[in-house]
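Peer 1: Each chain, written out:
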Amino acid sequence: MNVVHHNAAGSGFLSPTGVEITFVLVGLVVLGAALVTVTTRQLVHAALWLVVALGGIAVEYLLLTAEFIAWVQVLIYVGSVVVLLLFGLMLTKAPIGRSPDADSENRWVALGVALAAAGTLVWVVADAFRSTWIDVHPANGPGATAVTGSSLFRFWVLPFEALSVLLLAALVGAIVLSRRRPEGRDR
Amino acid sequence: MNDTLDALLRLVAVLVVFLVLPLLVGQTEHKVMAHMQGRLGPMYAGGFHGWAQLVADGVKFAQKEDVVPADADRRVFQLAPAVALLPYLVVLIAIPVGPHGFVGEAVDAGLFFVLAVMGVGVLGSLMAGWASANKFSLLGALRSAAQLMAYELPMLLAAASVAMAAGTLSLPGIVGQYHWWWTLWQLMGGLVFFTAGLAELQRPPFDMPVADSEIIFGAYTEYTGMRFALFLLSEYAGIVVLCGLTTVLFLGGWHGPWAGSVGWLWTLLKTAVLAFVVIWLRVSYPRLREDQLMKFAWTVLIPVSLAQIALTGVVKVVTS
Amino acid sequence: MHLIYPAVLAVLLFSIGLYGVLARRNAILVLMSVELMLNAVNINLVAFDRWLGDGLHTGQALTLFTITIAAAEIGLGLAIVLLVYRNRGSSDVDRLTDLADPGRPLPEQRAPGGTAAGDEKAEATA
Amino acid sequence: MTLTALAALVPALPFLGAAAGLLLGRRAPGFVRPLAVLPTATSFVLAAIVAARQGTGPATDAAHRLTPTGSVPIDIALHLDGFAVLIALLVGLVATCVQVYSLSYLRDDPRYPSYAAVVSLFTAAMLLVVYTGDLMVLLVGWEVMGICSYFLVGHYWETEAARAASIKAFLVTKLGDVPFLIGVFALAADAGTFRITGILSTASAGGLHHPTVIALLLLAGVAGKSAQFPLHTWLPDAMAGPTPVSALIHAATMVAAGIYLVARLLPVFTASAAALAVLAAMAAVTMIGSGLAALAQDDIKRVLAYSTIGQLGYMAGALAVGNRDAAVFHLLSHGAFKALLFLAAGVVIHAAGTNSLTAMSRMGNLAKRVPDAAWTMGLALAALAAVPPLSGFFSKESVLRAAEHAAQGDTAHVPAAVGWTVLVAGLATAVLTGAYASRLFLLTFLGSGPEAPDHGKQPVPMTAVLWVLAIPTVAFGGLAYRRLPDWFGGAPLGPTLTTGVLGTALALVGALAAYSAWRAVGTTRAAVPLGAVVENADADVEPALVEAEAIATHKEVYGDIAAADDPGDPGRLLLGPLHGAAAHGFRLDAAYGALFVRPVLAATSLVRFLDREVVETWVKGAAGAPNLLGAAVRKAQTGNVQTYLGALLAGAVVLAVLVAVGG
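Protein chains in written order, with the UniProt record's numbering: chain V, 1 to 187; chain Z, 1 to 320; chain F, 1 to 126; chain E, 1 to 663.
Same shape as in the complex, but just chain V (with noise of 0.2 Å):
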């Protein structure tokens, strides 16, 4: 049987031409859900939302070679986060159906501000990178887990360390948060 390997799912297939109009394909569908994830009144429908976008982004790493970056985005993001968010949302009674009052009334505050940083870093990003193009092709590229791997055991193992400290701490944290005093014990 004749195999090929690809490095990577999905780019492999595609011509850069290909690889740019999925990205742009995907893209839209990332910051469509992403809108609806921030304006939908039904609370439980943002965060499946969030589950496109966040699984778009992960389809977009892929297109950019990040093979293991967007396994970790599945699996940290969709696998956990949402699924800890879905929780958190069941947890507070969450309401089936709308809300009617998803928003507070800083909507239109934050709207200006919104727009007015997209505007102003999209003209920013526009103005620096015009000329500039990554080339998303190379086999064995630095997405590749064992390439991935080595470098953030051999060069990034401090900070890696320092990480489990905080990621310690914040396991710490959240159960002293969330534990229940026994009664009779002022909060």
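Where hints are given, some of them may not hold.
[Stated by the list, open to error] As a list, the in silico SDA-like pairs of lysine to any residue whose alpha-carbon atoms are at most 20 Å apart:
#1 V/K93 <-> Z/R74
#2 Z/K295 <-> V/L171
#3 Z/K135 <-> V/M90
#4 V/K93 <-> F/A79
#5 Z/K316 <-> V/G149
#6 E/K457 <-> E/G364
#7 Z/K295 <-> V/R180
#8 V/K93 <-> Z/D71
#9 Z/K295 <-> V/A174
#10 V/K93 <-> Z/F136
#11 Z/K31 <-> Z/D57
#12 V/K93 <-> F/D98
#13 V/K93 <-> F/N87
#14 E/K635 <-> F/I80
#15 E/K368 <-> E/L479
#16 Z/K64 <-> Z/G225
#17 Z/K295 <-> V/V176
#18 Z/K295 <-> Z/M188
#19 E/K174 <-> E/A164
#20 V/K93 <-> Z/K135
#21 Z/K135 <-> V/I96
#22 E/K368 <-> E/G378
#23 Z/K316 <-> V/I96
#24 V/K93 <-> Z/A70
#25 Z/K135 <-> Z/V76
#26 Z/K316 <-> V/F153
#27 E/K635 <-> F/T97
#28 V/K93 <-> F/R88
#29 Z/K135 <-> V/P95
#30 Z/K316 <-> Z/W185
#31 E/K635 <-> F/D98
#32 E/K635 <-> V/E105
#33 Z/K295 <-> V/I175
#34 V/K93 <-> Z/D6
#35 V/K93 <-> F/L96
#36 E/K174 <-> E/D589
#37 Z/K64 <-> Z/L54
Hints listed in this document are in silico derivations from the structure and should not be mistaken for laboratory results.
Given the structure of chain V, go ahead and fit chains Z, F and E onto it with the hints provided.
Peer 2: Then chains Z, F and E, alone, in the frame of chain V:
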């Protein structure tokens, strides 16, 4: 063009496997449970040994009315079975069946890919439970989410141990590195992986989220007809995927006599044996309590899997 | 690929997240928006890693770190939100105004009976 | 032990005693008395040993430089010569006597621990001043004495008089200290050193650029410390302190420091004839004025205080005629008998229950109540009036002899006019001294009237100390006048016929005048009823309390601390129309009040107005404006985190745009 055709063919093959194997497992479960529990019902349909029972079930599901509760969130309610089922289909692509590229798509970080995508399946349960607008459903959804969170970690750790041993994340690569003594070396990890997998599938004895005697089938309470069938199908597909993964990771996949020619048969055989064990466990063990379940994950599985990782590391360093 | 695609995607995603953080009322929705912003940063990191192609793979390593920190942040954030909800029966950001100048009226009540039910819940869970 | 180490121990011991006393005073009351007496007594013994070993030999110098200062160096220096060791001996003797006396005098005083510690510190500071060879170190002791006198004079701070007196003592001496400090710096700048030996050699080599200015600046400080006109006014008021303190200040420490300093730095002064003239004028005015004032005082201690001022005037006069031997001789003998006078006065006040001469003169049998005090006080008053052969006679004659010498133009650097001034003033003062000494004795001990209250026997420490001090009072002058020139290395100090006869005769004239005046007004005294005796006949009450009460009630009874409206007072007859003015120190305080205090008060009220009405308005405005602004800004504090964050991010965007456009 040849590449595209090749890829297309593989996808079709995977789809076929996905449609066939879970049904086989379902039928086997019927029969095995009937025999073990001395139940006569499933032995009648179709005459010989009740061969048509599965077909009858399918017809029954198809006939039933597709009910959506009035207060439910319709779209989410309808979407949930698909979300529960699809990840297993995607995962099947990456599981190698035989040597020489007998696999849907050899993903570089295959192990990681598989675990990541399997984690998405729980979203289906959550969506179903919440969208049903039923307190039992919500409880079931919360339970399954908690269970998934708790068992994801030992499962990942056990898988990491194998990846360490093989020095690769690619599933065909792992099988390629296999030696027979690995089964003993990685025994603890294998048991942890298999147990945690059972828990993620919410199979007995880890089936509190769907415990019918406590919360009336949990997240699936409001489901009827084909949608309910899809949930059942996702459960059986999960069994297939879990058994296949365990086979690939811990039992050597296609390794066996005449592996070059009938390797795929070995894989299927081992998977089938494991599937039988899953069914067997369902019949033999009582259900754990919710707190026992959590305690089991945190105080038994995680330490054992960590010990396995330590052992793997030590052996790796010593032998290299 | 033109670097501007991921860059602009990141910018727009970031701005959407920004809007969400500022405009959403429910604390968990705010957390979601924060996740969007973090992801926008991650896209940037990955894209620039690809562009610079340095031997350290700084961008990807940092992305992994960001994801990890985001996971920790969501855990702690949810714990805090749940605690707030348990104590107050509401997780609306704009009602957590204890630090405000006293004597200013609270925003209108959430929904008829909503707070009362929340209080019951708070007592039940406390 | 070396001489230097011994000498260093002399000031160190009382200092350590003071520190220990202050630290332990509250916690270990049992240690307080030993800690007060023993270090001082040991220090006295050590001073005696130092004096014996130093003897008449050449001056001993030792110096240790702690750290370089960058410009004029400062040394921890010792300079031991005849002047220093003898004065240190005097200081040790008086301090020991005062401490022993205080044991009884302040027996039950709750503030005794701090009192004793401060007295020890005072002693240590004076010893430091005496022994040191460096002006900067001397200045340290000088200032420590100032602050100690402030504490001690204010010991009875419950009374208005004590509070006012302590502040006055502090401020007036400080007024002199400021120019003094400048003078010291000017001196050091010219000489290039703070070492006294170096300064003296520079001065005698004519190396000082502005000797007159420096001498006058130094004189200001000396006038403050040694209570010379016009800065003497604090001394009479300082009588509001306990009697032992008065004895200490007047006899040995504070006031002696100024004289001692001029004696040490005499070449600096003799370099300027003008300074000598000023000093002579100052001394003359001080002598005569204080003599007149002493004659009019009602308070027994104030009489003694003015007499101190007068005797200090003698010393200053001796210095003005360039004879420091005579000055120091008089300082030594005066120290002994003046300490005796004050301590005896303390006994008398205790016995009489009042400090008013008017009251005492109407009290019978006071002499019998306190025979020790009466005898020793009589001796000391005779010494004060320079009756031969008591020690005061010899020392005073040495001063007069020096003045006569200068008046004849025989002393180098000293103008004859200066000599004449001092001589005439000294002789006039001799009359006055004889008069007020007699008046004091007559009014105190020879009064008639109801019996003095009976307090039983006076405590032994108090009377014993009196007799101890009586020995030098009687014998020191006669024994020492032949030897002292060896110690001082100077001219002979013996009395000459002219001045001796003249001075004694004049003193006798004064005494006789006082006696006859006393006899003349005796009937009036008997006729005019009273003047109240402070009724506190309780025998157990400690002496200091009696004195404190006497001071506190004096004004209520007589209207004025300085004078009582008493026609039976011989001083009134002798002074005639001058009496009123003399009783109030010639109204110098009033003059100061008009000249300095009132303008200052006016200025302060102006400043207060400016502060309250003008500055305060701005301050209030400055406070009000932020208040208003704060109220405005507070409106923005909604408590809504999203609003804050929105504003923050909007600001960030604006900044980014600015940077992007600007950069």
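Peer 1: Are the hints correct? Go through all of them and say.
Peer 2: Hint-by-hint comparison with the structure:
1. For the hint pairing V/K93 with Z/R74, the CA-to-CA distance comes to about 19 Å; that is within 20 Å, so the pair holds.
2. With a C-alpha separation of about 17 Å, the suggested pair Z/K295 and V/L171 falls inside the 20 Å cut-off, and the hint holds.
3. Under the criterion of a C-alpha separation no larger than 20 Å, the hint pairing Z/K135 with V/M90 is consistent with the structure, at around 11 Å.
4. At roughly 15 Å between alpha-carbon atoms, V/K93 and F/A79 fall within 20 Å of each other, so this suggested pair holds.
5. Restraint check: the Cα-Cα separation between Z/K316 and V/G149 comes to about 17 Å, which is no more than 20 Å; the hinted pair holds.
6. Proposed proximity of E/K457 and E/G364 is supported: the alpha carbons are some 17 Å apart, at most 20 Å.
7. For the hint pairing Z/K295 with V/R180, the CA-to-CA distance comes to about 18 Å; that is within 20 Å, so the pair holds.
8. With a CA separation close to 15 Å, the supplied pair V/K93 and Z/D71 stays within the 20 Å bound.
9. Taking the CA atoms of Z/K295 and V/A174, the gap is about 18 Å. The hint holds against a cut of 20 Å.
10. Simply put, V/K93 and Z/F136 have alpha-carbon atoms about 14 Å apart, close enough for the 20 Å limit, and the pair holds.
11. With a CA separation close to 14 Å, the supplied pair Z/K31 and Z/D57 stays within the 20 Å bound.
12. Between V/K93 and F/D98 the alpha-carbon distance is near 23 Å, which puts this suggested pair outside the 20 Å criterion.
13. Taking the CA atoms of V/K93 and F/N87, the gap is near 14 Å; set against the 20 Å cutoff, the hint holds.
14. Simply put, E/K635 and F/I80 have alpha-carbon atoms about 28 Å apart, too far for the 20 Å limit, and the pair is violated.
15. As the CA atoms of E/K368 and E/L479 are separated by approximately 31 Å, the hinted pair breaks the 20 Å bound.
16. Taken as a hint, the Z/K64 and Z/G225 pair is honoured in the structure, with Cα atoms around 5 Å apart against an allowance of 20 Å.
17. For the hint linking Z/K295 to V/V176, the alpha-carbon distance of about 18 Å falls within 20 Å, and the restraint holds.
18. Pair hint Z/K295 plus Z/M188 holds up; C-alpha atoms about 18 Å apart against a cutoff of 20 Å.
19. The suggested pairing of E/K174 with E/A164 holds, with an alpha-carbon distance near 15 Å, which does not exceed 20 Å.
20. This hinted pair checks out: V/K93 and Z/K135 have alpha carbons roughly 11 Å apart, not beyond 20 Å.
21. For the proposed pair Z/K135 and V/I96, the alpha carbon gap of about 12 Å is at most 20 Å, so the pair holds.
22. Distance hint between E/K368 and E/G378 is fulfilled; the C-alpha atoms sit about 13 Å from each other, no more than 20 Å.
23. Taking the CA atoms of Z/K316 and V/I96, the gap is near 53 Å; set against the 20 Å cutoff, the hint is violated.
24. For the proposed pair V/K93 and Z/A70, the alpha carbon gap of about 19 Å is at most 20 Å, so the pair holds.
25. About 16 Å separates the Cα atoms of Z/K135 and Z/V76, which keeps this hinted pair within 20 Å; it holds.
26. Distance hint between Z/K316 and V/F153 is fulfilled; the C-alpha atoms sit about 17 Å from each other, no more than 20 Å.
27. Restraint check for E/K635 and F/T97: satisfied, since their Cα atoms lie roughly 13 Å apart, inside the 20 Å limit.
28. Pair hint V/K93 plus F/R88 holds up; C-alpha atoms about 13 Å apart against a cutoff of 20 Å.
29. Of the supplied pair hints, the one linking Z/K135 and V/P95 holds, its CA atoms being roughly 12 Å apart against a limit of 20 Å.
30. With a C-alpha separation of about 11 Å, the suggested pair Z/K316 and Z/W185 falls inside the 20 Å cut-off, and the hint holds.
31. For a cut-off of 20 Å, the pair hint linking E/K635 to F/D98 stands: about 15 Å separates their Cα positions.
32. For the proposed pair E/K635 and V/E105, the alpha carbon gap of about 17 Å is at most 20 Å, so the pair holds.
33. A C-alpha spacing of about 15 Å is found between Z/K295 and V/I175, which places the hinted pair at or below 20 Å, so the restraint holds.
34. With a C-alpha separation of about 50 Å, the suggested pairing of V/K93 with Z/D6 is violated against the 20 Å cut-off.
35. Straight-line distance between C-alpha atoms of V/K93 and F/L96 comes to about 18 Å, which keeps the hinted pair within the 20 Å bound.
36. The straight-line distance between the Cα atoms of E/K174 and E/D589 is roughly 17 Å, inside the 20 Å bound, and the hint therefore holds.
37. For the suggested pair Z/K64 and Z/L54, the alpha carbons sit about 16 Å apart, so the restraint of at most 20 Å is met.
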